[in-house]
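Taking the hints as your guide, dock the two standalone chains into a single complex.
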Amino acid sequence: MYEKEIGMTTPELKPNGEKSRIGVYICHCGTNIAKTVDVEALREFAEKLPDVVAARTYKFVCSDPGQKMIRDDIQDPDLKVNRVVFVGCTPRLHEMTFRKVISEAGLNEYYLQVANIREHVSWVTPDKEEGTEKAKALLAGAVRRVHEHEALEQRRVPVNPDVLIVGGGIAGITAALTIADAGKKVYLVEREPSIGGYMAKFDKTFPTLDCSACILTPKMSSVKSHPNITLWAYSEVAEVDGYVGNFKIKIRRKPRYVDEDTCAGCYDCVEACVFKKPKFPDEFEVGMGLRKPIYIPFPQATPLKAVIDPNTCLQLTTGKCKQSCAEVCSKNSINFDQVEEIKEIEVGTVILATGFKAFDPVRSPEYGYGKYDNVYTSVEVERLCNAAGPTGGNVVLRDGTTPKSIAIVHCVGSRDKKTNAWCSRACCMYSLKLAHLVKERTDGEVFNFYIDMRTPGKSYEEFYDKILDEGVHFIRGRAAEVRNWALDEAEEGKLVVRAEDSMMGVVRRIPVDMVILSVGLEPHEDANEVARMFNMSCGTEGWFTERHPKLAPVHTFTDGVFIAGACQGPKDIPDSVSQAGAAASEVLALIDKGYIELEPNTAFIDEDKCSGCHTCIALCPYTAISFNEEKGKAEINEALCKGCGTCVAACPAGAAQQHHFTDDQIYEEIEGVLEYV
Amino acid sequence: MSDNGSVKNNWEPRIVAFFCNWCTYTGADLAGISRMQYRPNTRVIRLMCSGRLDPQFIMKAFREGADGVLVGGCHPGDCHYQEGNYKALRRITLLKKMLAQMGIEEGRLRLEWISASEGDLVQKAMNSMAETIRELGPLNLAEIPTPHSHDKEPVAAGVEGGA
Chain A
1 MYEKEIGMTT PELKPNGEKS RIGVYICHCG TNIAKTVDVE ALREFAEKLP DVVAARTYKF
61 VCSDPGQKMI RDDIQDPDLK VNRVVFVGCT PRLHEMTFRK VISEAGLNEY YLQVANIREH
121 VSWVTPDKEE GTEKAKALLA GAVRRVHEHE ALEQRRVPVN PDVLIVGGGI AGITAALTIA
181 DAGKKVYLVE REPSIGGYMA KFDKTFPTLD CSACILTPKM SSVKSHPNIT LWAYSEVAEV
241 DGYVGNFKIK IRRKPRYVDE DTCAGCYDCV EACVFKKPKF PDEFEVGMGL RKPIYIPFPQ
301 ATPLKAVIDP NTCLQLTTGK CKQSCAEVCS KNSINFDQVE EIKEIEVGTV ILATGFKAFD
361 PVRSPEYGYG KYDNVYTSVE VERLCNAAGP TGGNVVLRDG TTPKSIAIVH CVGSRDKKTN
421 AWCSRACCMY SLKLAHLVKE RTDGEVFNFY IDMRTPGKSY EEFYDKILDE GVHFIRGRAA
481 EVRNWALDEA EEGKLVVRAE DSMMGVVRRI PVDMVILSVG LEPHEDANEV ARMFNMSCGT
541 EGWFTERHPK LAPVHTFTDG VFIAGACQGP KDIPDSVSQA GAAASEVLAL IDKGYIELEP
601 NTAFIDEDKC SGCHTCIALC PYTAISFNEE KGKAEINEAL CKGCGTCVAA CPAGAAQQHH
661 FTDDQIYEEI EGVLEYV
Chain B
1001 MSDNGSVKNN WEPRIVAFFC NWCTYTGADL AGISRMQYRP NTRVIRLMCS GRLDPQFIMK
1061 AFREGADGVL VGGCHPGDCH YQEGNYKALR RITLLKKMLA QMGIEEGRLR LEWISASEGD
1121 LVQKAMNSMA ETIRELGPLN LAEIPTPHSH DKEPVAAGVE GGA
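Protein chains in written order, with our numbering: chain A, 1 to 677; chain B, 1001 to 1163.
So here's chain B without its partners, still in its complex pose (with noise of 0.2 Å):
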C-alpha cells in the first residue's frame, strides 16, 4: 500500500483507467494529437475491449492504491466485438453495488462511453474524474475489512451470473 492521504493538501489522486483499445484509447490518443491538456492522475491501461474488464482488474486497482478506477467503453451499439460493452456496463453495474457495501464510494469508479473521435470527452473525463476523487479523498483501504486472499476476492464468482 502506498503512503498516500499523509498532507490532503499536496495529495494527488492516482486514479487507473481501463480503456477500450477501439474507442477511448484512440479517443485519449486523439485528445493528445490535439493537444487537450488535462490532469496527469490517470494511468491508461489498454484492453482489446471493454468486456475484457474482468470485474478482479478493478479490484486490484484499489487494493494496489489506486483512489478511482475510470472505465472507456464505445457507446451503446458501436462495440467493435458486437456487444462487449453492455457486458461491461453490466459488471460494473453489479460490482458498484458490491463497492458499496465494502464502503468504497460509488464515484471512485466510473464507466464512460467516449469514441475514437470524442477527444474532448477524454479530456473531460479524466478531469472531472480527478477532481471528483480529490473531493473524496484518498482511498484508505486498510480501515476496510477486506477478504485475507486473493483467491477469496468476493467478484471472483456470480458477477456473471451466468448470462
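So that you can see chain A by itself, here it is in the shape it has in the complex (with noise of 0.2 Å):
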C-alpha cells in the first residue's frame, strides 16, 4: 500500500540498487507546443522537481538530433540519466519511437513516461499562461510516475501460421489466394452455399465494363483447386477463443444434405426432383427466378456442389417423398440424415471480409418497391441484365415486354437521415454502368436522379462524360416518390417519378415504364454480433471499425484480427480488393516474422496478499484468472491476460497489480499532477 508523505521527495531505492536520476526532453514541436507553452519555463520547473538530473528543450525531440540529446544523456558517465520523460506530443504518436531510443542506449525501455501536453494542451489551450500551467502539472506528474516504473519485457507469443478468411466475397477470395500462394495454409469460410459475394451476381463492373463473372469465375476455381486452400462454403464461425498468434476456432458446418466430397455437381438430382419445374424463390436471383428445393445456387457455384433447402423440400418437411434425387444420383450423394458438424481449428491469424448487405428499400417506402410490380431494385437489374440471370440478360419487366422509359433513382438508403446517414460511394457508379447497359439493352430512354455525381476514382469521371455522351439523362435532385397516379394522359398506365430538378428550379414529374432503385450498402444484420466474437468493435453504423482510419484500416483493435472490404465500410471492387491485398501482407508479415510482441502491462498476484476471496475470477473477461486449490490463491495466465486491471481495481487486498499501471505508479501521478500546480 502507499505510504509515502505528500512533498517528501527522499530518494528512494529501486529494487535493482540504482536511485532515480530522471531526465525530461520538453518538445517545441516547432511551433505547435512553443506557441501556446513556455517551454523554457516549463523547463526550469522540470529541474526543479525531484529527482530530475537533466531537463532540456528542442526543436523536434522526435528527429535524429533530439534522440541522439537522450542517448547521450542515458550514456553520460556523470549524469547517468536512467528514467526518461518526453514532453510532447500523445503517447499515442512517439511512445514506441522513444522506447526505442532508450533501448538504444541500454535503458530498459519502460522507465519511459510521456506527458502529452500538445494534444492534451497546447492545441486545445488558446491561453500561454493557462497552458503553461497546465503543461507544469502533466509534466510532474510523468516525472512523478516514472520514479516508479519498473523493468519489463515484452512478451514473445509464437504465431500459427494458418489463417482463417470469414467471408467468400471478392476480397475474401483474393486474401485467401494471395496468402495461399505465399505457402501458408488458409481456411476460407462462407456462409452461402457458394463464394462470389455480391460481384458474382454482376454482369459487368465499372468504368472497364467488362464482364463481372469473366474476372471472377477463374479466382473462385483457383480458390477450389489451391492445395493451401480450405474451403467451407455454407459455414459459420461459431467460436472464437484464444488470441493473438493462437486462436481456436469453431466453425458450424451447416447440413447441405448431400455429400460434398463424392457430388460431382451433374444437376441430375435438381432435374429428377419431384417439384417439376422450379417452385421457391432463387436466393441468388435475388427472387428475380425460381429454384426447386434441391438446387446448385448458379452454374459457376464453388464449390459445385447441389443444396438441399430444409424448408421446401418434401421429404425434410414431410418425410413422405418418393425421393427421386437420391435414385437417380449415381454417387450416392445425397444424405437426408446429414446433420450439423462442428470443426475445429487452430490459426494465428484472422481476416474478417463479411462484406455488406443492400439496403432493402422497403423501408423506404415513398418509392413503392413491392407496391408496385415494376420498381426494382439495382441488384435485381443486375441479375436481369447477366446472361446467366433469369432472362437471360434481357432486360424485361415482370410481364415479359421491354420498357420504353427507365427512371434509376440514386441514393436509396443512403445520404438519407430517416435511414442511412452515409453515402454508399458505390452507386453512383454502378447506376452510371446500369444506365449504359440498360439503354444498350432496350434502347429506352433512361433517367438518372441524383443528388450529386460522385465519381472518385481512376476513369471514373471519364465514364460519367461517356455515359452523359449516350444520351442518357440527368436529373439533379432527390427523387420525392415514384407513384402511379396519373395526372395526364402521358402518365397513364405509367410510374411517375416526382423530383425536384434543382438545376432548373421546379418540380418534375417523369412517367416511366420501370423504376431501379440504387440501393446503399448497408452493415449486416448480425455484424455487431460478429465483431463481439472476436472481441471488436462496431461504428455506430455496424460497420467494423478499424484501429486508424488513415494509418492503419486492414487493422482491427483485436491483435491478428484483420478486416477487408465492404464490411469496414462501403466499398466498390477496386478498393475491396486492395484492402484485401493489405490485411492478406499484414497477415503474411506476421507469420515471417514468427511471433508477436505482447505489451507487458499485464495483471499479477501477489501470493502474499491474495486471500483466496475469489472476487477477482468472476471479473476477468477473459477467463485469464483462475484458483490454485492447493495454494489457496488466485492465479493469472498471463498469456490470457489482456491488461484491463478490472482485476486489479476490484481486489480488495491489493494482492493483483497491473505492470506499468501499478498503484503506486497511478497515486505518484495523481500526487504529481496536483502537488505543484
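Just so you know, these hints were derived from the structure itself, not from any lab.
Built from N, CA and C at the ideal position, the CB exists for glycine as well.
Worth double-checking, as some hints may not be accurate.
Unchecked claim - Stretch by stretch, here's where chain A covers chain B in the computed footprint (C-beta under 8 Å, at least three residues): (1) 1062-1074; (2) 1079-1087.
As the list claims (entries may be wrong) - A few chain B residues facing chain A, derived, Cβ under 7 Å: (3) Ala1028; (4) Pro1040; (5) Arg1043.
Here it is, written out as C-alpha cells:
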C-alpha cells in the first residue's frame, strides 16, 4: 500500500539498487507546442522536481538530433540518466519511438513516461499562461510516475501460420489466394452455399465494363483447386477463443444434405426432383428467378455441389417423398440424415471480409418498392442484365415486355437521415453502369435522379462523361416519390417519378415504365454479433471499426484480426481488392516474423497478499484468472491476460497488480499532477 | 493540501480525469488534433480501461486537492476489454453514494461515455465539468472528517461486492 507522505521526496532505492536519475525532454514541436506553452519556463520548473538531473528543450525531440540528445544523457558518465520523461505529443504517436531510443542507449524501454502537452494542452488551450501551468502539472505527473516504473520485457508469443478468412466475396477470395500462394494454409469460410459474394451476381463492372464473371470465376476455381486452401462454404464461425497467434475457432458447417466429397455437381438430382418445375424464390437471383428444393446456386458455383433447402424439401419437411433425387444420384451423395458439424481449427490470424447487405427499399416506402411490380432494386436489375440470369440478359418487365423508359433513382438508403446517413460510395458509379446497360439492352430513355454525382476514382469521371454522351438524361435532385397516379394521358399506365430538378428550379414528373432503385450498402444485421465474437467493435453505423482510419485501415483493435472489403465501410470492387491485399500482407508479415510481442502490462497476483476471496476470478472477461486450490490463491495466466486491470481495481487486498499501471505508479501520477501547480 | 479557495473569484478548479486509453483518451487527442479549445482545468491520467479505475484513485485525487474527478470510458457495448466500462459504472455509482455521506457533492465526480471519434464530447465534458466545479466552489476536505490512515480508506474493501 502507498505510504509516502505528500511532499516528501527522499530518494528511494529501486529494487535493483539504483536511484532514479530522471531526464526530462521537452519538445517545441516547431511552434505546435512552443506557441502556447512557455517551454523555457517548463524546463526551469522541471529542473526543480525531485530526482530530475537533466531537463532540456529541443525543436523536434523526435528527430535524429533530439533522439541523440536523450541517448547521450543516458550514456553520459556524470548524468547517468536512468528514467526518461518525454514532454510533447500524445504517447499514442511517439511512445514507441522513444522506447526504442532509450533501449538503444541501454535502458529498459519501460523506464519512459510521456507527458502529452500537445494534443491535451497546446492545441486546446489558447492562453499561454494557462497552457504553461497545465503543462507543468502534466509534466510533474509524468516525472513522479516514472520514478515508480519497473523494468519490463515484452512477451513473445509464437504465431500459428494458419489463417482463417471469413467471407468468400471478392475481398475474401483475393486475400485467401494471396496468402495461399505464399505457401500458408488458409481456411476460407463462407455462409452461403457458394463463394463469390455480390460480385458473382453482377453482369459488368465499372468503369471498364469488363464481364464480372470473366474476372471472378477463374479466381473462384483457383480457390477450389488450391492445395493450401480449405474451403468451407455453407458454414459460419460459431465460437472464437484464444488470442493473436493462437486462436481456437469453432466453425459450424450447416448440413447440405448432400455429401460434398462425392457430389459431382451434375444436376441429375435437380432434374429428378419431384417438383417438376422450379417453384421457390431463388436466393442467388434475389427472388428474380425460381429454384427447386434441391439446387445448385448458379452454374459457376464454387464448390459446385448441390444443396437441399430443408424448408421446402418434401422429404425434410414431411418425411414423405419418393426421393427421386437420391435414386438418380449415381454417387449416392444425397443424405437426408446429415447433421450440423462443428469443426475446430487453430489459426494464428484472422481476416474478416464479411461484406455488406444491400439496403431493403421497403424501408423507404415513398419509392413504392414491393407495391408496384415495376419498381426494382439495382441488384435485381444486375440479375436481369446478366446473361446467366433469369431472363438471359434481357431487361424486361415482369410481364415480359421491354420498358421504353427507365428511371434510376440514386441514394436510396444512402445520404438519408431517415435511413442511412452515409454515402454508399459505389452507387453513383453502378447507377451509371446500369444506365449504360439498360439503355444498351432496351434502347429506351433512361433518367438518372441524383443528388450529387460522386465519381472519384481512376477513369470514373471519364465514364460519367461517356454515359452523358450516350444520351442518358440526368436530373439533379433527390426523387421525392414514385406513384402510379396519372395526372394526364402521358402518365396513364406509367410509374411517375416526382423530383425537384434543382438545376431548373422546378418540380418535375417523369412517367416511366420501370424504376430502378440504387440501393445503398449496409452492414450485415449480425455485424455486431460477429464483432463481439472477435472482441472488436463496430461504429454506431455497424461497420467494423479499423484501428486507425488512415494509418491502420485493415487492423482492428483485436491483435491478429484484420478486416478487408465492405465490412469496414462501403466500398467498390477495386477498393475491396486493395484492402484484401493489404490485409493479406499484414497477415503474412505477422507469420513471417514468427512471433508477436505483447505489451507486458498484464496483471499479476502477489501471493502473500491474496486471501483467496475469488473476487477477481469472476470479473475477468478473458477467464485468465483461475483458483489454485492447493495454494488457496488466485493465479493469472499471463498469456490470456489482456491488461485491462479490472481485477486489479477490484482486489480488496491489493494483491492483484498490473505491470506498468501499478497502484503506486498511478498514485504518484495523481500526486504529481496536483502537488506543484 | 493546496491553498485553493482563498479568493473565489480568481480561483480555478483543479480536476483530475481518468481516461480509458482506447476511447476517451484518444477522443481527447482528437479534440487536440481538431483544435477544439476548452478550459485548462483538467489533468488527464491515462488508464488502459475504465475498469482499471480503483475507487481509491478517486479518493486519492480528492485528498490531494482535486476539486472534481472526471472519468471517461467507452460507450456501453464498446469496451475494448468487453465489459470494463460496466464495472466502472458500478463502482462509481456506489462510490457516489459514499461521497455524499462524506459531504462531497455528487457533481464533483462524473462519468462520461466518450468514444475515440467524439472529440467534441471531450471538449464539452471538459468545459461543463469545469463550470460545474466552479459553481460548487473549492472542495475543502479539511472540514470533512476523513479517516486518519490511508490503509483504512473506507473504499478499500467491499466496493466490488464480490461480483
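For each hint, the structure was consulted:
no.	hint	verdict
1	1062-1074	holds (count 3)
2	1079-1087	holds (count 6)
3	Ala1028	holds (6 Å)
4	Pro1040	holds (4 Å)
5	Arg1043	holds (4 Å)
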